[in-house]
Amino acid sequence: MLRASGVVKTYPGPHGVPVPVLRGIDLTVKAGELAVITGSSGSGKSTLLNVLGLLEDPDTGDVWFGDDQVSAWSRRAKSRARGRWVGFVFQAFQLLPSLTALDNVLLAARYVGRRDAATRRRALELLDTFGVAERRDHYPPQLSGGEQQRVAYCRAVLNDPPLLLADEPTGNLDDDNAAVILRALRERAAAGGAVIVVSHRGDIAELATSIVRIQDGKLMGPAR
Amino acid sequence: MRSYLRGYLFTVVGIAIGIAGLVSLGAMGERIMRFIQGGDRFVLGQISVAGRGMGMGTGFTAGGLLRGATIRAIAEVPGVAGVQAQVMLPLNPTTSQFMTLTQELVLGVDLAVPMPNRYYRTLPVRVGRFLRDGDRRLAVVGASFAASRGLAVGSRLDLEGVASEGVGVLDRMLTAPDRFVIVCIADAREQWVAKDPLLRTALASGALALRADDLNTGAAVGWRDGEDPDAVALRIRDRVAGVNVQVPSELSALLRSSTAFFSALLVGIGALGFVIGGLSLANTIAAAVFERLRDFGVKRALGASDLQLGREVLGEALAVTISGGVGGLRIALALATGVDSYVGRTGQQLFLFSPRLVASALTFSLLLAGVAAVYATARVVRLSPAEALRRGA
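Protein sequences appear in the order of chains A and B. For the first sequence, the residue numbers in this note's numbering are 1 to 224. For the second sequence, the residue numbers in this note's numbering are 1 to 393.
It should be emphasised that the hints constitute simulated quantities derived from the structure, not laboratory data. Watch out, some of these pointers could steer you wrong.
To be verified - Just the calculated beta-carbon pair ranges, DEER-fashion:
id	chain 1	residue 1	chain 2	residue 2	range
1	B	330	A	116	36 to 44 Å
2	A	60	B	272	30 to 38 Å
3	B	330	A	23	57 to 65 Å
Said to hold, decoys possible - Partner residues aside, some chain A positions facing chain B, computed with beta carbon under 7 Å:
id	residue
4	50
5	56
6	74
7	76
8	111
9	112
Claimed, not checked - A short list of chain B residues far from chain A (calculated; beta carbon distances all over 12 Å):
id	residue
10	52
11	69
12	128
13	201
14	207
15	244
16	266
17	282
18	299
19	302
20	307
21	340
22	350
23	367
We put the beta carbon where it would ideally sit given N, CA and C, even for glycine.
With these hints in hand, go ahead and build the complete structure from the sequences.
Written out as structure tokens, the structure reads:
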């Protein structure tokens with residue numbers, strides 16, 4: 001499903017000295033796989049996730065979705081690919097504070113041109129599945145952290161994307177809410193989706209089908 | 001729309017306050033401009049003639065006595081269409097020596113002659129009626145004059161010890177007639193004699209062989225269609241002795257030069273207001289867009305293209321500006337209504353919200369907000385989604 005080869009990424013540092021973050025990453029994640037990326041802080045985990053999800057371009061290297069070399073696509077085509085093929089779950093939830101829970105979920109459909117009743121029904125079903133249907137008209141500041149992450153998860157899977165990327169999805173949650181999200185990620189992979197999770201948590205490693213460790217911008221091979 | 005505005009509440013309030021200030025400033029400028037333009041329009045609509053010399057007359061009839069024979073001679077000058085004898089007096093002679101723009105005047109007009117002023121054939125009456133030929137001891141008062149004294153139709157006025165009844169109140173014209181008391185010329189002549197001890201003494205001594213129709217401080221002169229008013233004025237000056245003739249264009253230029261300071265001040269204040277208000281508005285809009293970088297990063301992550309995002313940002317900026325603009329107008333109107341109702345007790349009005357002002361303020365705001373939003377949008381869409389999320393965190 002997803003393949004990255006030779007991905008290099010640097011950021012401009014102080015005095016114009018580039019800071020290398022990713023140093024030639026090769027990674028393949030297949031459909032039905034739940035891959036966990038671990039590593040210390042600053043090792044490049046989140047940057048790798050951003051590159052894989054087309055949130056930023058690598059300096060060199062390629063990213064493939066199936067047979068499509070998406071890293072070479074235009075900005076517009078990448079936007080379309082993000083909307084249709086990739087779902088994101090962020091550690092800080094990233095809900096829009098000016099939208100209700102339901103509207104936040106439906107936001108994912110807006111940019112792929114789905115504004116029909118069926119999409120709305122699916123959004124409501126997802127909110128119901130994750131126990132936040134009654135909170136659909138609440139704004140994010142009126143929701144607990146766990147509820148916000150559940151809403152964010154609903155938004156990530158509304159378009160049924162084949163690839164789901166989660167960056168520390170349980171980092172701000174208590175154990176009960178973390179369990180809800182982890183279970184959802186596992187079920188997503190079990191249903192045939194490709195799921196990549198960046199996490200420090202040990203319990204998520206137990207659910208993973210593969211674990212890779214990243215250190216100083218390089219993959220150190222499967223951790224398990 | 002409501003959800004957009006929810007996120008921009010403080011921005012809307014900020015814009016509303018800025019636009020309220022800008023529009024209030026503009027409304028005060030409009031008020032002063034209307035006063036100046038009203039005077040200019042009046043003097044361009046007639047040739048004003050006064051007797052040569054100095055006397056009790058004031059305003060555009062300042063000068064000496066303009067006798068009835070002289071008025072008849074003026075009427076014979078080719079190009080003249082009508083001559084209306086007038087008596088214009090300061091209501092309060094003790095303040096007549098001061099140059100003021102708000103002097104209260106008694107205007108006596110010969111009601112047997114139609115008003116020759118091309119731009120003021122009639123004066124607009126708000127309540128009651130205007131004077132008719134043959135009316136005596138009746139008065140029509142300007143809006144400010146009425147407001148400052150609480151006068152209405154039926155009210156009684158004491159004019160030099162003689163009671164007159166108010167039969168009409170003029171519409172607020174925001175120019176000189178707002179402070180006029182208009183009476184028939186016979187009443188005004190009596191008041192003139194009552195006000196002027198020198199004239200009284202001269203008449204009593206029999207030194208002046210005067211008839212009633214000789215007591216005029218001036219006359220308003222009209223011209224025939226197709227005539228050049230300046231040429232007619234110069235012709236009167238050439239052919240009729242003992243008169244001060246105001247050439248309309250010269251008087252207009254004089255009026256403009258005497259108000260040039262106010263005009264320049266208004267332009268300066270207006271320009272300053274536009275610059276400060278404009279920069280503030282543009283800055284507010286741009287800052288509001290940049291403050292929402294994280295939101296735009298999220299939207300990009302969800303698949304929003306540059307075009308979709310740009311359209312949304314621009315639409316939100318314009319919606320915010322319109323909301324702030326309308327709110328600002330309401331605040332300005334409320335403020336002006338409050339202030340004007342307070343100063344209205346002395347017959348003043350400080351603000352004038354003309355359609356031109358309102359349209360200009362909104363158009364200016366929208367244009368500037370559009371430019372600021374386009375600039376901010378161009379900066380936002382250039383960022384990668386990850387960068388937008390990072391910077392907005």
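Does the Cβ pair residue 330 (chain B), residue 116 (chain A) satisfy 36 to 44 Å? This hint holds: roughly 39 Å between Cβ atoms.
Non-interface claim for residue 340 (chain B) versus chain A (Cβ beyond 12 Å): Correct as stated: the minimum Cβ-Cβ distance to chain A is 38 Å, above 12 Å.
Residue hint residue 112 (chain A), partner chain B, criterion CB-CB below 7 Å: Because about 6 Å separates residue 112 (chain A) from the closest Cβ in chain B, which is inside the 7 Å limit, the hint holds.
Distal placement of residue 299 (chain B) relative to chain A, Cβ over 12 Å: It is violated; residue 299 (chain B) is separated from chain A by about 7 Å at its closest Cβ, not greater than 12 Å.
Going by Cβ atoms, does residue 367 (chain B) stay more than 12 Å from chain A at every point? Given that every Cβ of chain A is farther than 12 Å from that of residue 367 (chain B), nearest at about 26 Å, it holds.
Satisfaction of the hinted span 57 to 65 Å by the C-beta atoms belonging to residue 330 (chain B) and residue 23 (chain A): holds (60 Å)
Run the C-beta distances from residue 69 (chain B) to all of chain A and say if the shortest one exceeds 12 Å. holds (82 Å)
Would you settle whether the hint for residue 111 (chain A) is holds or violated, based on the nearest Cβ-Cβ distance to chain B being less than 7 Å? It holds, given that the least Cβ distance between residue 111 (chain A) and chain B is near 4 Å, below 7 Å.
Does residue 76 (chain A) meet its interface restraint, that is, does its C-beta lie within less than 7 Å of any C-beta in chain B? Check passed: Cβ of residue 76 (chain A) comes within 5 Å of chain B, closer than 7 Å.
Verify this label for me: residue 201 (chain B) is non-interface relative to chain A, using a Cβ-Cβ cutoff of 12 Å. holds (83 Å)
For residue 282 (chain B), which was marked as not at the interface, is the minimum beta-carbon distance to chain A over 12 Å? holds (22 Å)
Beyond 12 Å from chain A, beta-carbon-wise, is residue 128 (chain B)? Its Cβ never comes within 12 Å of chain A, the nearest being 57 Å, so this holds.
Going down the numbered hints, you'll see the structure goes against 2, 6, 18, 19, 20, while the others check out.
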